[in-house]
Amino acid sequence: GENVEQHPSTLSVQEGDSAVIKCTYSDSASNYFPWYKQELGKGPQLIIDIRSNVGEKKDQRIAVTLNKTAKHFSLHITETQPEDSAVYFCAALNSGGYQKVTFGIGTKLQVIP
Amino acid sequence: NAGVTQTPKFRVLKTGQSMTLLCAQDMNHEYMYWYRQDPGMGLRLIHYSVGEGTTAKGEVPDGYNVSRLKKQNFLLGLESAAPSQTSVYFCASSQELNTEAFFGQGTRLTVV
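Respectively, the protein sequence lines represent chains A and B.
Note that the numbering used here gives residue 439 to position 11 of the first sequence, counting from 1, and the numbers run on in steps of one.
Note that the numbering used here gives residue 948 to position 79 of the second sequence, counting from 1, and the numbers run on in steps of one.
There's no promise every hint is true.
[Claimed, not checked] Far from chain A by the CB rule (all over 12 Å, computed), these chain B residues:
#1 922
#2 931
#3 938
#4 961
[Stated by the list, open to error] DEER-style ranges, computed between Cβ atoms:
#5 442/A <-> 897/B: 40 to 46 Å
#6 541/A <-> 926/B: 41 to 47 Å
#7 454/A <-> 964/B: 26 to 32 Å
#8 469/A <-> 909/B: 17 to 23 Å
#9 440/A <-> 923/B: 42 to 48 Å
It should be emphasised that the hints constitute simulated quantities derived from the structure, not laboratory data.
Virtual Cβ for every residue (Gly too), placed ideally from N, Cα, C.
The shape of chain B in the complex, shown without the other chains:
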């Protein structure tokens, strides 16, 4: 049972570089989310998707873009990385709005 899988697990970027984080879920869930986790701030929503081909902004979307071309995949892009984007990123999915959300294992990103 894979659940939600994130790639990569760790990454170090230089300021200005770009990268894409991949999230894949095998539960046929409609809803997918990208959160960032910073010390003392809990989880904050970056972007989300309510179905294939749809995306929307969350609480902290600046500097990030997303795409959901296939129902099972949700990609998070950083076009020009900044040190403020150093964080742990979590992808999650849920079948309905107010039910259990399943999280990936996280991606630790450091921007130097």
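Just chain A, with the same shape it has in the complex:
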């Protein structure tokens, strides 16, 4: 089955700095890679996603890059703000969708004011 590894498990950055979270996957059939943000006491919420036919996608301060050859994808947050503090999960899906999804174990991001 699919194996998704996520690094780092914790990340502290100063407000205004950039944060990068990396994930690797094993199944070359994976074709959809969402990133979820989970704030304390809440459910995960999609912040950005990328499909296998795209190498990079941006949405304001958030960007995701995908390297299909190396089987890794990364989340980039620029100009971090205290409200970015949360746990971030990556996931890899193939044609089986969320029935077969594999989530990373999560990265706890702390933005220090």
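Chain A is already provided as a structure; the job is to place chain B on it using the hints.
Relative to the frame of chain A, chain B by itself:
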């Protein structure tokens, strides 16, 4: 905009007791899922449904049952709770297989 609503938010059970977690979505989504979240293990799929009246097993189904009698509701049952079922449970729904999944706020369950 309610989205996905889970009931209850918190619950403490004694070993051997039973309970049902309710998930309701108002987005007319076909697909619904139950996950559990444990420290260091990410989200793991318990059961899922691809439409009204259908259910299927996920990665960790043992000790749980589900039902989807109405399209908007997906129930998760624990027949005889065990301490190993102490976890945070999330319900989610999606319109299609590989699109955004919407999660509920979670149910924190403790089995003592």
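Here is what the structure says about each hint:
With a least beta-carbon separation of about 17 Å from chain A, residue 922/B lies farther than 12 Å from that chain, consistent with its non-interface assignment. Listed as a non-interface residue, residue 931/B keeps its Cβ farther than 12 Å from every Cβ of chain A; the least gap is roughly 17 Å. Look at residue 938/B: its CB is around 20 Å from the nearest CB on chain A, clear of 12 Å, so calling it non-interface holds up. Interface exclusion of residue 961/B from chain A breaks down, the closest Cβ pair being 7 Å apart, not more than 12 Å.
Distance hint check for residue 442/A and residue 897/B: the Cβ-Cβ separation is about 44 Å, which falls inside the suggested range of 40 to 46 Å. In this structure the supplied range 41 to 47 Å holds for residue 541/A paired with residue 926/B, their Cβ-Cβ distance being about 46 Å. At about 28 Å, the CB distance of residue 454/A to residue 964/B agrees with the hint of 26 to 32 Å. Hint check: residue 469/A to residue 909/B, Cβ distance near 19 Å, so the stated range 17 to 23 Å holds.
Between residue 440/A and residue 923/B the C-beta distance comes to about 44 Å, which sits within the given range of 42 to 48 Å.
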